[in-house]
Amino acid sequence: MAGGLLDVQGLHATVEETEILRGVDLSIKSGEVHAIMGLNGAGKSTLASVIMGHPAYNVTAGSMQYDGQDLADLEVHERARAGLFMSFQYPSSIPGVQVGTFLRKSVAAVRGEAPKAREFRKELQAAMSVLNMDRSFLGRHVNDGFSGGEKKRLEILQMLLLQPRMALLDETDSGLDIDALKAVAQGINSLSEESGVLLITHYNRLLELVVPDVVHVMIDGRIVQSGGPELAQRLEAEGYEWLMPTA
Amino acid sequence: MSDEARDAVGEYRYGFHDPEISTIRFDKGLSEQVVRDISALKDEPEWMTDLRVKAYHHFMDRPMPDWGNEALLNSIDFDAVTYFLRSSKGTERDWDDVPEDIKRTFDRLGIPDAEQKWLGGVTAQYESEAVYHSIREDLEEQGVLFFDMDSGLRTHPELVKRFFNTVVPYTDNKFSALNTAVWSGGSFIYVPKGVHVEMPVQAYFRINAKNMGQFERTLIIADEGSSIHYVEGCTAPTYSTDSLHSAVVELVAMEGAKIRYSTIQNWSSNVYNLVTKRGIAHANATVEWIDGNIGSKLTMKYPAVLLKGEGAHAEIISVAYAGEGQHQDAGSKVHHLAPNTTSNILSKSISKNGGRSTYRGMLQVRPKAEGCRSKVVCDALMLDADSRSDTYPTMEVGNASADLEHEASVSKIAGDQLFYLMSRGHSEAEAMGLIVNGFFDPFTRELPMEYASELNKLLEIEMEGAIG
Chain A
16 MAGGLLDVQG LHATVEETEI LRGVDLSIKS GEVHAIMGLN GAGKSTLASV
66 IMGHPAYNVT AGSMQYDGQD LADLEVHERA RAGLFMSFQY PSSIPGVQVG
116 TFLRKSVAAV RGEAPKAREF RKELQAAMSV LNMDRSFLGR HVNDGFSGGE
166 KKRLEILQML LLQPRMALLD ETDSGLDIDA LKAVAQGINS LSEESGVLLI
216 THYNRLLELV VPDVVHVMID GRIVQSGGPE LAQRLEAEGY EWLMPTA
Chain F
9 MSDEARDAVG EYRYGFHDPE ISTIRFDKGL SEQVVRDISA LKDEPEWMTD
59 LRVKAYHHFM DRPMPDWGNE ALLNSIDFDA VTYFLRSSKG TERDWDDVPE
109 DIKRTFDRLG IPDAEQKWLG GVTAQYESEA VYHSIREDLE EQGVLFFDMD
159 SGLRTHPELV KRFFNTVVPY TDNKFSALNT AVWSGGSFIY VPKGVHVEMP
209 VQAYFRINAK NMGQFERTLI IADEGSSIHY VEGCTAPTYS TDSLHSAVVE
259 LVAMEGAKIR YSTIQNWSSN VYNLVTKRGI AHANATVEWI DGNIGSKLTM
309 KYPAVLLKGE GAHAEIISVA YAGEGQHQDA GSKVHHLAPN TTSNILSKSI
359 SKNGGRSTYR GMLQVRPKAE GCRSKVVCDA LMLDADSRSD TYPTMEVGNA
409 SADLEHEASV SKIAGDQLFY LMSRGHSEAE AMGLIVNGFF DPFTRELPME
459 YASELNKLLE IEMEGAIG
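Each protein sequence line maps, in turn, to chains A and F.
The opening position of the first sequence corresponds to residue 16 in our numbering, with each subsequent residue numbered one higher.
The opening position of the second sequence corresponds to residue 9 in our numbering, with each subsequent residue numbered one higher.
Bear in mind the hints are in silico, worked out from the structure with no lab data behind them.
Hints should not be assumed to be uniformly reliable.
Said to hold, decoys possible - In silico DMTMM-like cross-links for lysine to aspartate or glutamate, where the CA-CA straight-line distance does not exceed 25 Å:
hint: 1; chain 1: A; residue 1: K166; chain 2: F; residue 2: D424
hint: 2; chain 1: A; residue 1: K120; chain 2: F; residue 2: E454
hint: 3; chain 1: A; residue 1: K120; chain 2: F; residue 2: E462
hint: 4; chain 1: F; residue 1: K420; chain 2: A; residue 2: E90
hint: 5; chain 1: A; residue 1: K166; chain 2: F; residue 2: E436
hint: 6; chain 1: F; residue 1: K465; chain 2: A; residue 2: D159
hint: 7; chain 1: A; residue 1: K120; chain 2: F; residue 2: E458
hint: 8; chain 1: F; residue 1: K465; chain 2: A; residue 2: E93
hint: 9; chain 1: A; residue 1: K120; chain 2: F; residue 2: E436
hint: 10; chain 1: F; residue 1: K420; chain 2: A; residue 2: D159
hint: 11; chain 1: F; residue 1: K383; chain 2: A; residue 2: D159
hint: 12; chain 1: F; residue 1: K420; chain 2: A; residue 2: E31
hint: 13; chain 1: A; residue 1: K120; chain 2: F; residue 2: D424
hint: 14; chain 1: A; residue 1: K131; chain 2: F; residue 2: E462
Unchecked claim - Reference excerpt, derived from the structure (chain A facing chain F, CB under 8 Å, subset only):
hint: 15; residue: A71
hint: 16; residue: H92
hint: 17; residue: R96
Nothing here was measured: the structure is a model prediction, and the numbers come from that model.
Just so it is clear, CB atoms sit at the ideal spot from N, CA and C, and this is done for glycine as well.
Bound-form chain A, shown alone:
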């Protein structure tokens, strides 16, 4: 399994003494789209947060390699600068900070230099038109008073500007109407073909618009089944019963 862009092996993680991840193995190569499906509480979001480095989680066993580096050696912002990106299920609001300023500063932080004003404006216009976002977004404060759909669009806008090599998308499809879902899917599909993508979702509807190479099912902190897109369809039709461990 090793040799991918992102290699997770035997990963165990706890939050406040409770073990959430109980031995996760996952390998994603450049250009691959993987989906992780599963019921609430299975540990899907935790997996994304642990890969990104959320300080509330403790990694108790296993390893995470990204592009040949041990992620344990990198702080959160260093992971971002190395090309990892996470789209949050519940992004924080930052009152008083304008979206435009935030985007420019984030791009400068990740790229290691401030983008030229005119080029950045062009990039921004292109990315915002993919997502059907109005320019007025730029003057609002980051996620402050945003609707669920607006938050998700801003997450994907950030992804398009930061051009990550590995994107972790945590339930980016939840709570979206069909237009917003299409815009978000278009955003994901316009990401570089070289990038790896990990989609965390409950539903098949995003996977009809962003077709995954591999679908994993997570139950109780482990990946219990992997397959192609047909696995997602079967889960949609039959649910998770058939995968549950028999007592």
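Let chain A serve as the given structure and place chain F on it in line with the hints.
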């Protein structure tokens, strides 16, 4: 990371000092003779000398306030202060005529540059007196008077006499008495009826010498239907001994006039900053205090507005940043004395590394003031568990028709906010800088752009020092 950042930027970037330059320096300590000598040196009219002497005795007789940070107040050694220091022979109109060392200081502070780009006039005070002063010709032609206070008294004694000591009488508090006794420098402004001064005018106050006391006195009169925006900046070097800054500012906004007074004080952490600022707003006039308090050892300052005429309005937006070893005791006072007057008060404070911020507010509605409206919002942000924030709002409402709103909040930076920003490539210090700048945004956006970006940079540097 933090040590490197500190080494790179210095903890307080205006903490440099130049060799002391003095043409006249008084011995340390205060007496009636010192007060008389200051007045004689300036060749003042007798009424001013008399006022100074009365104020001196009031200062000596009046006990220290028994509220606020009493321990720090009582540790001030008034005998160790230099009350008057003249560093230049005169007030120049051309930077090239300002003594080289002093000019270099103001160059480093960016004043001549700012003047060229966006100011209508500048006063630069070094120690006790203005060393440079200029006003744009077009403003002069419209009859706008803009002088340092000493020159204002010399050239327009009647106007000064009519308003001086009327908004903030020396009997107001111990430090207004001290200022009235030993004042020197500051600004005097008169804007004629109907004149709108479009570009802000600025005064910059720099303390350079050790153990210096700076006691500038500012009087701004905006005649009927006129308007002006005055900007005040201040810095001082970092010394191991204390300096005292005790200013008095009096604003008079006549009917329909508007005065905006913006302050960015960025004192080094050895400065006691004890300032009385008050404005009177006559009918349909507006007085606005945009007041930023960064630095100092102890600041006690509560910009006030007396809403004296019907329909007058007060706007007070203040921020305070208390770092290690600093206490910002700041707030606001609004007195609704007339009917249908309105006020809007927003106070934001940040405490970090054991710093302490206190909000002290007074809102008063007099019985005859029918139909008043006021909104008060106080927000405190604590960056760590060692820091402290207190709020003391007082409301005295004598008229039941008043429509009052009061909101207060205390918050911490949430771990999720930091994680979110760090996942976008920002280091922890940069993430805190973004959050802090956002928190102060309602204040920052009221400032001229050049000040706003300077303040944002300053806070980002402060956050670099915050991470262990």
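Checklist entry - Under the criterion that the straight-line Cα-Cα distance not exceed 25 Å, is the pair A:K166, F:E436 satisfied? => result Given pair A:K166, F:E436 holds - Cα atoms ~23 Å apart, limit 25 Å.
Checklist entry - Straight-line Cα separation of A:K120 and F:E436 no greater than 25 Å? => result Distance ~14 Å between A:K120 and F:E436 Cα, so the pair holds.
Next on the checklist: For F:K465 and A:D159, compute the direct alpha-carbon distance and say whether it is at most 25 Å.
Outcome noted: holds (23 Å)
Checklist entry - Per the CB criterion, is A:H92 less than 8 Å away from chain F? => result Where the cut-off is 8 Å and the nearest Cβ of chain F is about 4 Å from A:H92, the hint holds.
Checklist entry - Straight-line Cα separation of A:K131 and F:E462 no greater than 25 Å? => result holds (21 Å)
Checklist entry - Within a Cα-Cα threshold of 25 Å, do A:K120 and F:E462 meet the stated pairing? => result holds (17 Å)
Next on the checklist: For F:K420 and A:E90, compute the direct alpha-carbon distance and say whether it is at most 25 Å.
Outcome noted: holds (22 Å)
Checklist entry - Keeping to a limit of 25 Å between CA atoms, is the pair of A:K120 and F:E454 held or broken? => result Holds - the C-alpha atoms of F:E454 and A:K120 are around 22 Å apart, at most 25 Å.
Checklist entry - Given the hint that F:K420 pairs with A:E31, does the C-alpha gap stay at or below 25 Å? => result holds (21 Å)
Next on the checklist: Hinted pair, alpha-carbon criterion (25 Å max): F:K420, A:D159. Please report holds or violated.
Outcome noted: holds (17 Å)
Checklist entry - Hey, A:K120 versus F:D424, does the alpha-carbon distance stay inside 25 Å? => result holds (19 Å)
Next on the checklist: Just to be careful: measuring from the Cβ of A:A71 to every Cβ in chain F, is the smallest value less than 8 Å?
Outcome noted: holds (7 Å)
Checked against the numbered hints given earlier, the structure satisfies every one of them.
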